[in-house]
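*Asks:* Read off the chains here:
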Amino acid sequence: MGTPSWLYYLFAVLMLAVAAYGAVLLAVSVPMRQVSGRDVDVAHIFMGTSMAGMFVADWAFGANGFWELVFSILLVWFVVRSLQSIQRFGLHVPHEAIHAAMSFAMLLMYWYPMGASAGSSMSMSASSSAAKLDPGLGLLLAVAFFASAIFTLANPVKGVSHHGSHIRQLVMSGAPGAGPADATTGSGTRSVGAVEAAVTAPWLEDASHVVMCIGMGFMLILML
Amino acid sequence: MVTTVGVGRRDVVVSELDVAADDAAVAPRSCQRTFQLVLATVWLLDAVLQIQPFMFTKGSNGFSGMLNGLASGNPVVVHGPVTWNASLVYHQPILTNTVFAGIQFLIAFGIVWNRTTKAALGASIVWALGVWWFGEAAGGVFLGGATPFGGGPGGVLFYAILAVLLWPGGTSDRPFVAARTVGITAAKAIWVVVWGVLAVLALVGSGRSPQALQSLVTGLNTGQPGWLAHIDRVSASFLLHHGTTAAVLLAVVCVVAAAGVFLPPRATQVTLVLAIAVFAVIWVAVQNVGGILAGGATDPNSGLLVVILALTYWPLTDARSGTGVRMRPGQLVAQGG
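The listed protein sequences correspond, in order, to chains X and F. When we follow my numbering, the leftmost residue of the first sequence carries the number 174, and every step to the right adds one. When we follow my numbering, the leftmost residue of the second sequence carries the number 16, and every step to the right adds one.
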C-alpha cells in the first residue's frame, strides 16, 4: 500500500487556493488604496504556491535560491513589523509574529529538505544523508501554527490574523497604511460592492490563515 | 451595496471594532475557554499526526501493526477488541485512518465554535474512551505495565478527564478553572482519584522494576534527535540504577499533588509546580515527547496532558479569573497586534 498521494494533492490544492485568494485580496486592495494586510496577502501568495510545489513535485517551480530570498525578505519584514507593533502598543504578541514564524518555517523547509521516507510525490524529498531539520524545532513551530489556527477561529473579532487587533487605533490615528485619516470623521465615506465585500470578508481572511497554518504544520510534521 | 467608512476592505473589521468600542464591554476570554482552546489545539495536533503517511500503510510498519503489538498479552476482553480494530485497519487502512483523522479534526474544530463546544467535548470523551480500549489496549493496565513514567494509565484518558472538567458552564474561574462547571467538591474528587491512580500505578507491576523502566526509554530511543538521545542515555542509566527509588519518589509526588488541592492556595501552587515539573521532565526524558520527534507517534502521550490538567487546578485570584461574561461577535479582545 503506497503513501496516500491524494492527500498531498488535497493539501496542494488548498495551498493554491490560499495563494489565489491572497492574490484576489491584493488586487482588491489596490483600487481601495489600502495597505494594511497587503503584506500578509503577499506572504500567502508565495507560501501557497511554494508549498503546493512541496506537496506535489510536478507543481514546483523556481530555484530554491529564489524562494529562500523571498522568505528571507518576508521574515525580516514581519520581524520589523512585530518590533514596531511592540514599540507602539507595548508588550504583546503582534499578529505579525506568527507570519514571521511562518516565513521562518518556509526557510527551514528549503534549508532542510525532507528525508527519504517522505512521500514519493513530494518534491522536497532528499537523500537520507541530507541535513535534517531538528525535530524539536519543527514540532514547536507546528504546534504554534495549530494553536494560531485554533485561536484565530475562536476569536470573536474576525480579520485579526491579517490586520491585528490594533487596526482600529491605527485607522483612527490616521497611521500610514492603515486607512484614510478622514475615516475618523466619516468624511471619506464611500461604497463597497457586495461582491467586493463578500470576497474581503474578515472571516474568509481568517479561514485562509487557518488553512495555511494547518498545511504548514502538516508539512513540518512530515519533516520530523 | 454595503455602505462603509472609507477604509475600504478593512471597513468590515473596523466597523466591528467600533461596535465593540461603543459597547464598552470588553470582556477577556475566560480561563476555561482558553483551556478548551488548548485542548482543541492538542486534538488538532493528534489529527495531523493521524494523517502521517505510515498511518495509511498495511502491515507491521503501519497502524494495524502498531495496534496488534499492543494487544498481545492482554485478557480477552481487551485483546479481542484491539485485534478486531487492527483487522479493520489492516483491510481498509485508508478508509479507517481517514475516518479516525476526520473525527479528530471535527472534535478540534467543534470545540472552537461555541455552538458545538459541548457536542465536541462529549465526542471527545466518547472517542477518548474508545481509543483507550480499542486502540491503546486499556493503556497496559491489565498487563501491570501502566506506570506513569510510560504514560499509564493511557494518555488518551486525560483528554476525557479534561473534557469533563472543561465542560462549558459556571460563571467564574475561581477558585480554579477545573471547578467552574463541575464544582469544587467534584473537581477535587476527580483530582484525588487521578493522582491516587497514578501513585498506585507507579508502584504496582513492572512500575518499580528498574529494567522495565529502563526499557521504556531505550524502546523509544530509535530515531530521536541527538539532544534527546543524549537525554535518553542519562535517563535510561538513571532508571536502571535507581528505578525503584524513582518509582517510589514518583508515587510520593503523586500523593503530595493529590493532597495539594486541600491546602491553602500558596501551598497548592507549590505542589502543583512540583507535579508540573516532574511530569514535564518525564514527558521529555522518559516519554520522549510521545515519540513524535522520531516520526512515528499518534499523540503526545500523557506528560503534556497531565501538565495541562494540573494548570486547570491552579488557584486563581480575582484579577486572573474570568468574569463569566459571554463574548459576543464584535467584542474586542486584546490579543495579537
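There's no promise every hint is true.
Have a look at the derived ranges for each label pair, beta carbon to beta carbon [what the hints assert, rightly or not]:
#, chain 1, residue 1, chain 2, residue 2, range
1, X, Gly235, F, Ala295, 41 to 49 Å
2, F, Ala282, X, Gln260, 35 to 43 Å
3, X, Phe262, F, Thr237, 43 to 51 Å
4, F, Asn129, X, Val266, 18 to 26 Å
5, F, Phe157, X, Leu264, 32 to 40 Å
6, X, Val266, F, Leu144, 34 to 42 Å
7, F, Gly238, X, Gly235, 28 to 36 Å
8, X, Tyr182, F, Thr237, 44 to 52 Å
Sample of chain F residues with no beta-carbon within 12 Å of chain X, all distances over it, derived [to be verified]:
#, residue
9, Thr49
10, Asn112
11, Ile126
12, Thr132
13, Val207
14, Val208
15, Leu243
16, Val299
17, Pro315
Simulated from the structure, these hints should not be mistaken for lab results. Using N, Cα and C, we set each Cβ at its ideal position, and we do this for glycine too.
*Asks:* Hint by hint, which ones does this structure get wrong, listed from lowest number up?
*Replies:* Hints 5, 8, 9, 10, 11, 12, 15, 16 and 17 are the ones this structure does not satisfy, whereas the remaining hints hold.
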